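Trainee: Keeping the supplied structure of chain A fixed, place chain B upon it in accordance with the hints.
Sequences listed follow chains A and B, in order.
Per our numbering, the very first residue in the first sequence carries number 1; after that it's consecutive.
Per our numbering, the very first residue in the second sequence carries number 1001; after that it's consecutive.
Honestly, the hints are just simulated from the structure, not real lab data.
Quantities reported herein were computed from a predicted structural model and do not represent experimental measurements.
All C-beta atoms in this analysis are idealised placements derived from N, C-alpha and C, irrespective of residue type, glycine included.
Covered stretches of chain B (chain A as the covering partner; in silico rule of three or more C-beta atoms under 8 Å from a C-beta of chain A):
id : region
1  : 1046-1055
2  : 1163-1171
3  : 1176-1186
4  : 1249-1260
Here are the simulated EDC-like pairs of lysine to aspartate or glutamate, each with C-alpha atoms no more than 20 Å apart in a straight line:
id : chain 1 : residue 1 : chain 2 : residue 2
5  : A       : LYS162    : A       : GLU184
6  : A       : LYS87     : B       : ASP1046
7  : B       : LYS1129   : B       : ASP1219
8  : A       : LYS87     : A       : ASP342
9  : A       : LYS353    : A       : GLU280
10 : B       : LYS1093   : A       : GLU419
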Amino acid sequence: MKLKLVTMAVGAVMAAAPVMADLVFPSLSYRTGPYAAGGIPFADGYADYFTLLNERDGGIGGVPINMIECETGYNTQKGVECYEATKGEGALVYQPLSTGITYQLIPKATADDIPIHSMGYGRTSAANGKVFSHVFNYPGNYWNGASGAINYLLETNGDDLKGKKIALVYHNSAYGKEPIRTLEELQKKHGYDLTLLPVDHPGQEQKSQWLQIRREKPDFVLMWGWGVMNQVAIQEAANIRFPMENFIGIWWSGAEHDVLSAGDKANGYKALTFHNVGREFPVFDDIQKYVVDAGKAAGAGDQIGNVLYNRGMYAAMLAAEAAKTAQEMHGVADITSGQMRDGMEALMIDEAKMVSLGMPNFGPSFNVSCDNHGGPGLVGVTQWDAASQTWSMISDYKPTDMDVIGALIAEDSAAYAAENNIAESCN
Amino acid sequence: MFYREAGDFKTNYADDNQTFPIKFDRYRYYFVLFVAFAVIPFLINDYWVNAIFLPFLIYSIAAIGLNILVGYCGQVSLGTGGFMAVGAYACYKLMTSFPEINIFIHVLLAGGVTAGVGVLFGLPSLRIKGFYLAVATLAAQFFLVWLFNRVPWFYNYSASGQISAPERTLFGLEVTGPNTTAWAPYLFCLVILTICAVIARNLTRGMQGRKWMAIRDMDIAAEIIGVNPLKAKLSAFAVSSFFIGVAGALFFSVYLGAVEVGEAFGINQSFLVLFMIIIGGLGSIFGSFAGAAFLVLMPVLLKNVLVGGLGWPTDTAAHFEFLIVGALIVTFLIAEPHGLAQLWRVAKEKLRLWPFPH
Chain A
1 MKLKLVTMAV GAVMAAAPVM ADLVFPSLSY RTGPYAAGGI PFADGYADYF
51 TLLNERDGGI GGVPINMIEC ETGYNTQKGV ECYEATKGEG ALVYQPLSTG
101 ITYQLIPKAT ADDIPIHSMG YGRTSAANGK VFSHVFNYPG NYWNGASGAI
151 NYLLETNGDD LKGKKIALVY HNSAYGKEPI RTLEELQKKH GYDLTLLPVD
201 HPGQEQKSQW LQIRREKPDF VLMWGWGVMN QVAIQEAANI RFPMENFIGI
251 WWSGAEHDVL SAGDKANGYK ALTFHNVGRE FPVFDDIQKY VVDAGKAAGA
301 GDQIGNVLYN RGMYAAMLAA EAAKTAQEMH GVADITSGQM RDGMEALMID
351 EAKMVSLGMP NFGPSFNVSC DNHGGPGLVG VTQWDAASQT WSMISDYKPT
401 DMDVIGALIA EDSAAYAAEN NIAESCN
Chain B
1001 MFYREAGDFK TNYADDNQTF PIKFDRYRYY FVLFVAFAVI PFLINDYWVN
1051 AIFLPFLIYS IAAIGLNILV GYCGQVSLGT GGFMAVGAYA CYKLMTSFPE
1101 INIFIHVLLA GGVTAGVGVL FGLPSLRIKG FYLAVATLAA QFFLVWLFNR
1151 VPWFYNYSAS GQISAPERTL FGLEVTGPNT TAWAPYLFCL VILTICAVIA
1201 RNLTRGMQGR KWMAIRDMDI AAEIIGVNPL KAKLSAFAVS SFFIGVAGAL
1251 FFSVYLGAVE VGEAFGINQS FLVLFMIIIG GLGSIFGSFA GAAFLVLMPV
1301 LLKNVLVGGL GWPTDTAAHF EFLIVGALIV TFLIAEPHGL AQLWRVAKEK
1351 LRLWPFPH
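Here chain A stands alone, though its shape is the one from the complex (with noise of 0.2 Å):
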């Protein structure tokens, strides 16, 4: 009783706190736990972007920007008391990092107002924004990366996968199963025999996994790794001496600190990706000016450049461009969470805005419209080279497969508009 007396003392103190007139974009980052190792660069990379539009240009359309950082450590309970913490402070758009979290928050979000982008990750039949009006999974998707994955090895193949074995070394969770149902599709269509190998959390013990591999020698192995897992996997797979170069891993398997602890035997590993690498685009520049050397940066200033300090960059980018649209489409400069939703709904980006804000070729361009929140699914491939210890891009961002990918994304819409009484419908 007298523990709960405090909190509400405290509590009470908290809620007074000023309400201002700035952009909120609150940050679910986790720097704890065992997915710090993703979380931190990722968090560094969006908070850096926000710091810098608030030096240079003194926020968006002239509001200054207030980023809240909550930790979640991956965890949906801190996950929850993260949103209902930051929601009343005007958020105006959650980006949780985490597919358990996101799914907790898509009819919450809805109920409450304020968009998810869940990019690259999350529910991904919320592309269907007919079904999903607050969520969005621009600019790719799971099932995008599945064939976009499939589709490299075609292509690198001759075009054909028939009797070819693949096996898929997935995260047992939400996460990981993602993108189960899309290979198997593609199973179907292109003839190849799949094996599916779940690690469980936090995926430290890999040995029966791998065991497995070798002794049925897959041609090819995908992953869907999060966090220690992707470590451990390419560990494992140098241990064995799997050929790197025939195995692939998603975007959340392909960041420096997954690669670096093999050493040399990580050499030609490949991953997924949804935007460029490396640090030799001019908005680097202007953060390293404005803030790593002004003392503002998020964590040590060391990260910029990584594979996933960069998607938290363009994940802060898109963020800030979709509320510059909603700027224009509403005329108002100080925008709520719904005018947010409508500025990502309308949101669009070509190759003349990315290179006006410093990022020349640094993603894909699309559009982003009611029917469509998942954008256009373009999947690039980047292949580590541990000599130089730099990620590059080997294929250019490549369209996936609509078509069974398309039909995946209806029905399970379909099936969530079921279950909760959702007319499909676009505002």
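Mentor: This is chain B only, laid out in the frame that chain A set:
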């Protein structure tokens, strides 16, 4: 002074055997009920409900359930997470299969299903004891999580294996789903918690509870004086699992709304509830509340103080949260190995003598 038996005359057995024999305690109890039912619902918003009260109420139910098994009957269980998962998935299947039936009934039925599963996994307790039983229930934990991950029927064949609670109403008010008003799910859980606590309190001080405690204190002696170990142990597993199942159903349907079995009901959950009853006090209903409050509210409080109040970076605050909670647990257990409930008992003893302690 005001806290003593003297002067509170009881003229019949019912009065003599009531839960709170001291007048002050009784009024305090009514006061707490009054505040919980008639004051808090008017004061709370979404944050208070979803971040503080719902987890506290639901974990209290789970802690009471586990306390019956571990604290009263002496059967150590590490399967709490798995049993909560049974409650959650049973509730999900019932909610989606029979949408027209009242959610309250679904929650109770989910508890019933869990009771059945609990009895099944309680069978080994007839042969094995102590740490060995803990390992057997650990097997239940892993098996159940694996089962719900593996068999698509349990999650209605959804692509990702996540289950999401559809919107359900009680007396025309939403208690699950996203469109709830803050007080409706709070009152829903509070009513269930109150019922569970009253049942648990009365079970444990009646004949059934005495049988459980006899088994806990020495099972051979209990058998000699005529306690059937089969019935006593399995009934403890059934009642305990029923409460845990109800907690799991509420955890999924009212609190989180969408869960993934490995993440929400993993081994961490089992340990968390076990720590609650150890810190709160084994064999005490009050201890279940105190332990749940300690482990649910403390991290939230620390987070709000460190990040909101002192403006620390979130990661440093998160690390310190672990440090402080951990240090507090160690300190508490050294200062009072019998948990917060024992502190409360000691305080009451002192109060009886106060202000003349000689």
